[in-house]
Every structure is written in structure tokens, then in C-alpha cells.
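For the record, the sequence lines run as chains H and L. Just so we're aligned: 35 in this note's numbering is position 35 of the first sequence, and the numbers increase by one with no gaps anywhere. Just remember that this note's numbering sits 1000 ahead of the position in the second sequence, which is counted from 1.
Derived by calculation from the structure, the hints in this document are not laboratory data. Take these hints with a grain of salt, some might be off.
Claimed, not checked - Taking lysine to any residue pairs in the SDA-like style, the calculated list, with each CA pair at most 20 Å apart, reads:
#1 H/K53 - L/K1533
#2 H/K53 - L/A1435
#3 H/K53 - L/K1303
#4 H/K53 - L/Q1041
#5 L/K1394 - H/K53
#6 L/K1339 - L/A1435
#7 H/K53 - L/S1234
#8 H/K53 - L/A1227
#9 H/K53 - L/R1417
#10 H/K53 - L/R1208
#11 H/K53 - L/Q1228
#12 L/K1394 - H/I13
#13 H/K53 - H/N17
#14 H/K53 - L/T1450
#15 H/K53 - L/A1231
#16 L/K1431 - H/N17
#17 L/K1394 - H/E14
#18 L/K1339 - H/L39
#19 H/K53 - L/Q1318
#20 L/K1394 - H/D25
#21 L/K1303 - L/G1283
#22 L/K1534 - H/V23
#23 L/K1533 - H/I13
#24 L/K1303 - L/E1272
#25 L/K1534 - H/D25
#26 L/K1394 - H/A30
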Amino acid sequence: MLALIDEIKTLIIETLNLEDVTVADIDTDAPLFAEGLGLDSIDALELGVALHKRYGLTLSAEAEETRQHFASVRHLTDYVAAHRNR
Amino acid sequence: MNNLSLPLPLLSAPPDAIAFYRNTVPVPYAALRADLAAARQALARLEALEVVLFDADAYAFLVWLIACWQNGQTALLASDDLPGTRAFLPLPWVGRCEGSALPDWSDGMADAPAFPGLAPQFDRPGLVVFTSGSSGVPNRIFKAPTQLYREAELLHQVFGNTLPPDTRFVGTVPHQHMFGLPFRLIWPLCAGFPIISEPYRYPEELGRLSAAPHVLISSPATLKRLAQLEAFSSPASFLAAFSAGSPLHDSVAAVCASRLATRMVEIYGSTEVASVMHRIAPGGIWREQPGVTLALDEHGCLKIRSPLLPDDNWFQTQDTAVLEPSGWRLTGRADRVAKIEGRRVALDALETTLLALPEVTEARTAPLYRERDEIVAAVVLSDTGHAQLQALGKTRFDRWLRQRLSASLERIALPRRWRYLSALPYNAMGKITTADIVRLFERQALPPVTVTARAAHEMALTLALRDCPHAFDGHFPQMAILPGVIQVDWALRLAQRYFSIEGRFSGLRQLRFQRILRPDDQVSLTLRFFPEKKEVHFAYSSECGVHSQGWASFAHPVAAPCAAT
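With the sequences and hints as input, model every part of the structure.
Right under this line is the structure:
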């Protein structure tokens, strides 16, 4: 699971082209949006596409559910681990 | 009188005809009419001439909106229900949102008079939408329902005549803005096409649509990502796809046209003037919508006369254009309002907010249009700012500044990249050009990287040196060579990107530059991390052999001094 957490952090950094941010900088339990990493709606869109490409996940239309998966790197890792098909 | 201006299908469509799909469940006109009557009754009880309307559900939103119009009430469209927006609009809020006075219309169910009911005695503007003005203060734009119905008629005349009546309208854009509202909701409502209530936010979701004809209302933000997917398929047939908000690049349009197997129609317009021109992308030229007249002012900015404007006066834009023999070509904007993924961002307002922080003495921002649109900021810090930067380190300080700005600015308007300078790059004329600001962000950019092998503590990457021309600038004027200091910088930054390295860079050893690196070299970089030693070995190599290599070490920082605030 630890490896997957780092992999997802790397995916976030690469996908969003976050400058100067390193794997060590991303707190596994901090919110990705609002405070914490402070991502925006376009970032969510980019991440959604990257998760689809890498893990074959299709995010659901229900925004609330998607928002929960994006709550933190840990939430996202749990979701990827449970639903990946690639 | 008012009833005559209701969209015709609301009055005449058979009760079992389908008006909407909510979560794939069809909603017949009979249900829509009953909901409208109840919403109208519930709204009338509010006894407010103006209400703020916000509902993330497009069906509920449209019911509330039409009910407002029937009652002669004005709906102010909010784009979110955040505390700042609620404080800015101290009126009754309607729809399912924070602090709503009327979250649903169940109140009006029992005693609602039959739809459509009596027309009201008075006429009000019907709709208020907000745009961010150049000062950053939102401008109120008034719209009459008839303006929207007229636009729907025009859209139908230009694009809708060949669509079969069961064509479903599906959108990836919000319905409370002046592209989503007319295209996703009012046009299909007026023409009797069924509307899919849920937004399809992610491009791959379009693969879940059913095997029916669809019209897609989208934006470059989503289409860009649709073009990036490895594969895309959908049982739906797309009869047209519309895009607006920011320029749709021909390369994106070409991929989307083939993936959706349809024509891509790009719309140029604005909140104030509605749709003005359209073109078939890729490659098509801009054509005016029926009745629209265009001209250029003395600064090369477009001005517009349109039947969709409330009067016959010229409407001045800040969009620059040139008239070519084949048609109009849009060339940019004349003011300091940037378009970030389709949203207007007032740079002056952003800089004013930055300058209000005690940490900042000078600031200049610019839009950067690369893989994604973003705002970048070049900042001169005060002593307090420097102390804070030292205490937090750059990454945390960047984030901390964004956090400070987010209280008063939309997240998408926040700078994503920062440079802290001793002085802003004024030129000989005493001006700062956007190009000079943008250059600050290009020079240090990493080249595009492809991962070729990945293990826990070892990575192999190939680097596209050609795509990083700035890195070769100024070393040897007569010959482009990648400076050693940049090679080391890239290796360190990439190592920190891929490995969980605690501590800060503390030194280099056994650095060897054996062969020069030229832009055309096919170079790969291997990074090996030794966690117990906190050291990284890096080596740049190509088919000619190793070009350079060395060791970098990391150490825990000495405890940071407390911020002097």
C-alpha cells in the first residue's frame, strides 16, 4: 500500500506538473482540494483522466462520491486499490 | 401575454412526451408541468421580487428559473454557494444549496393552480448574471427571458433544423453560465429536445450514454482531456458537439471530431452579447450568427451589434481580431483579463490582492497557456515575506500564499507557479512585458520526461532536450550546449520528484562531465537512490556512452527558525 501511495503522489505531481513539489511534500492525509494541496476543478479533471489512463478507473457522475475519493491521497489510494483493473 | 412567451413545448407537447432524463429516468412533460406549477406557487409565497438561484441539478434549476419568470420574479444566478457569494448576495436563496430559503417546491404541491396559470401584471428583467469585470468586482448583466428565447430560436435555425426530435442534449459545462444555460437548457427546451439533467464532467463518462442521437455541449477544458484519452468509445451517436469559453485548438478539435464522429462547432460569444460567431473546427473560418454585425475599433478590438443585445448600439469587446479575405481571425485580448480554462481572471484585481499582503512589495502576474492554462506570479517579497519564505521553504510558502489569496479569489485564479525575485524585470522603457514574466517560468522548466523503467529506488527516464530550448541559452553563444549546472539541477529535481527523500540537498561529489549534451542527443537519465546513505547517483547517457554523472547527498535541515511575523 505504501508503494501505491507514493505512486499516486508521483502521478499527481506529474499529471498536474506541480512545480517544486516532491513526494515527501504531499501529506497522505491532507485534503487535496481546499486547504492542503489546494487543487482546483481543472486539476480534478486532469487527475480523473490520468487515473483512467493508468488504472482503468471511470469516475462516477455523482460529484459527491467523486469528491470523497479525492478527499486525500489515502482515500484516493484506497479507491484505486479496490477498483483498479489495470 | 406572458404565457405566449413560454417555450412552446411547455404548452403544447403531449403529456407523455419526454422533457428530461434524470439519472437515465425519463421525465414526461406532465411531470415537468406539475413541478412548474408547484415551484411557482412556492416562489410566490416568498414574496420577493428578486431571488438568488443556485441548484446543482439542471432540472430543478430550470424549473425554478421558468417559475420565476412566470411569476415576474428576477433570478440572480450564482455560480456557487460559498460563504463569500452568499454574503455578496443577501437575498432569499432558492434551490438545493447552503442557506436556502426554498430548497424544494414541496410547499407548493398541495394547492398549486394548474399549469400555466395566469400571466403576471408586470414585467421584470427576469435574469441577472455576473461576470468578473476588469477591476475584479462582478458586473451585473440583465437579461430578459425573451432575449434567451430569441437566442434559442436563432440556434435552432442555424444548427437545429436537421436534428431528429428525440435528440438528447448532454453537457459537460455548468448550466448556470451564459453558455451552458442557452445551449444545454433553453434551446432544447424551446425546440422540444429531451435534456439530460446530470453534467458529464469527465470525458470518459460519455461512454456511458445510451445508443441514441445526442448533441454535446462542452468546452475546451473537457475536449482537451477527451483528446488525451488512450481510447474512447460511446454507444451514443453525436450529431454535433459545441465548444465555447476559450479557444479550441485545431489539433484537439481534429481528434475529438474523429472520436465523437461528429462536427465540432466552436462558438464565440460572451455573457453580455450571447453567441456572436461560430466556426466548424478544425480549420473552419468564423461566421457571424444571423443578424450579427461586426466591426473593429481603432485599437483592433471587435465591436458587435446583435439582435440578442437589448438595443441596437455597438457592444465593445476587448477581443482583438483581424478580418482576412476568408473571414475573421481572433488574435487575443487587449486588456489584462486572462482566460484560464474558460474562466475570466482579472489580473489587476489579483495583483491588488497580492499587494495587500504584508509579505509582498511588488507583484506581476501573467497567464501561461501550455498543457493547461494557468496563472503565474513574479513577486518581490518584503522582509516579513523573506523571513516567512526562509522558515517554510519555497513549496510550503507557495502554498501558504495561495491559501492567503483563496479567501477572496476563485481557486482557478490563484497563481500555480511563483518566482521570488529581488526586482521585477523592468525593461528600458520602464515597463514589464508579459513575455518577460512568462520567460521567468520557462527557463527553469524541466524537459518533458518519459519513464522507461521504474523500481523502488531506481528510475530510468528519457528526456526531450529539444523541447527545452531555454536550457541551452547563453552558455556558448555559437553552440547550444546543456550547461552542467542545469544537468545537476534537473537530476536533483527529478530525484526528489520520484523518491521520498527526506531532508534538503547538502552537497555533490565525484561530479564528472565526460561528453557535452546537445539538443538533438537522445539522452536518458538514470537515478539511483540509496536511502541509508541519503545519496542519489545520477548519470546522463546516450548511445555514445555516459555524458555526465555524479553523487548528490541530502541531510536533515537544521530546525527552521520561527517566522518573524
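Checked hints:
1. Pair hint H/K53 plus L/K1533 does not hold up; C-alpha atoms about 36 Å apart against a cutoff of 20 Å.
2. The straight-line distance between the Cα atoms of H/K53 and L/A1435 is roughly 34 Å, outside the 20 Å bound, and the hint therefore fails.
3. Distance hint between H/K53 and L/K1303 is unfulfilled; the C-alpha atoms sit about 43 Å from each other, more than 20 Å.
4. In summary, the hint linking H/K53 to L/Q1041 is not supported, as the alpha carbons are separated by about 49 Å, beyond the 20 Å threshold.
5. A C-alpha spacing of about 31 Å is found between L/K1394 and H/K53, which places the hinted pair above 20 Å, so the restraint is violated.
6. A C-alpha spacing of about 16 Å is found between L/K1339 and L/A1435, which places the hinted pair at or below 20 Å, so the restraint holds.
7. Among the hinted pairs, H/K53 with L/S1234 is consistent with the structure: their alpha-carbon atoms are about 17 Å apart, no more than 20 Å.
8. The straight-line distance between the Cα atoms of H/K53 and L/A1227 is roughly 12 Å, inside the 20 Å bound, and the hint therefore holds.
9. This hinted pair does not check out: H/K53 and L/R1417 have alpha carbons roughly 26 Å apart, beyond 20 Å.
10. This hinted pair checks out: H/K53 and L/R1208 have alpha carbons roughly 17 Å apart, not beyond 20 Å.
11. Only pairs whose Cα atoms come within 20 Å are accepted, and H/K53 paired with L/Q1228 is accepted, the gap being roughly 9 Å.
12. Restraint check for L/K1394 and H/I13: the C-alpha separation of about 16 Å stays at or below 20 Å, so the hint holds.
13. Simply put, H/K53 and H/N17 have alpha-carbon atoms about 16 Å apart, close enough for the 20 Å limit, and the pair holds.
14. Only pairs whose Cα atoms come within 20 Å are accepted, and H/K53 paired with L/T1450 is accepted, the gap being roughly 15 Å.
15. For the suggested pair H/K53 and L/A1231, the alpha carbons sit about 9 Å apart, so the restraint of at most 20 Å is met.
16. Annotation: proposed proximity of L/K1431 to H/N17 is violated, straight-line Cα distance about 30 Å (limit 20 Å).
17. Between L/K1394 and H/E14 the alpha-carbon distance is near 19 Å, which keeps this suggested pair within the 20 Å criterion.
18. Straight-line distance between C-alpha atoms of L/K1339 and H/L39 comes to about 18 Å, which keeps the hinted pair within the 20 Å bound.
19. Using a Cα cut-off of 20 Å, the hinted pair H/K53 and L/Q1318 is violated, with the two alpha carbons roughly 39 Å apart.
20. Taking the CA atoms of L/K1394 and H/D25, the gap is near 11 Å; set against the 20 Å cutoff, the hint holds.
21. Between L/K1303 and L/G1283 the alpha-carbon distance is near 24 Å, which puts this suggested pair outside the 20 Å criterion.
22. Restraint check: the Cα-Cα separation between L/K1534 and H/V23 comes to about 15 Å, which is no more than 20 Å; the hinted pair holds.
23. For a cut-off of 20 Å, the pair hint linking L/K1533 to H/I13 is broken: about 25 Å separates their Cα positions.
24. Annotation: proposed proximity of L/K1303 to L/E1272 holds, straight-line Cα distance about 12 Å (limit 20 Å).
25. Our distance criterion of 20 Å between C-alpha atoms is met by L/K1534 and H/D25, whose separation comes to about 17 Å.
26. Straight-line distance between C-alpha atoms of L/K1394 and H/A30 comes to about 19 Å, which keeps the hinted pair within the 20 Å bound.
The structure is inconsistent with the numbered hints 1, 2, 3, 4, 5, 9, 16, 19, 21 and 23, although it conforms to all the rest.
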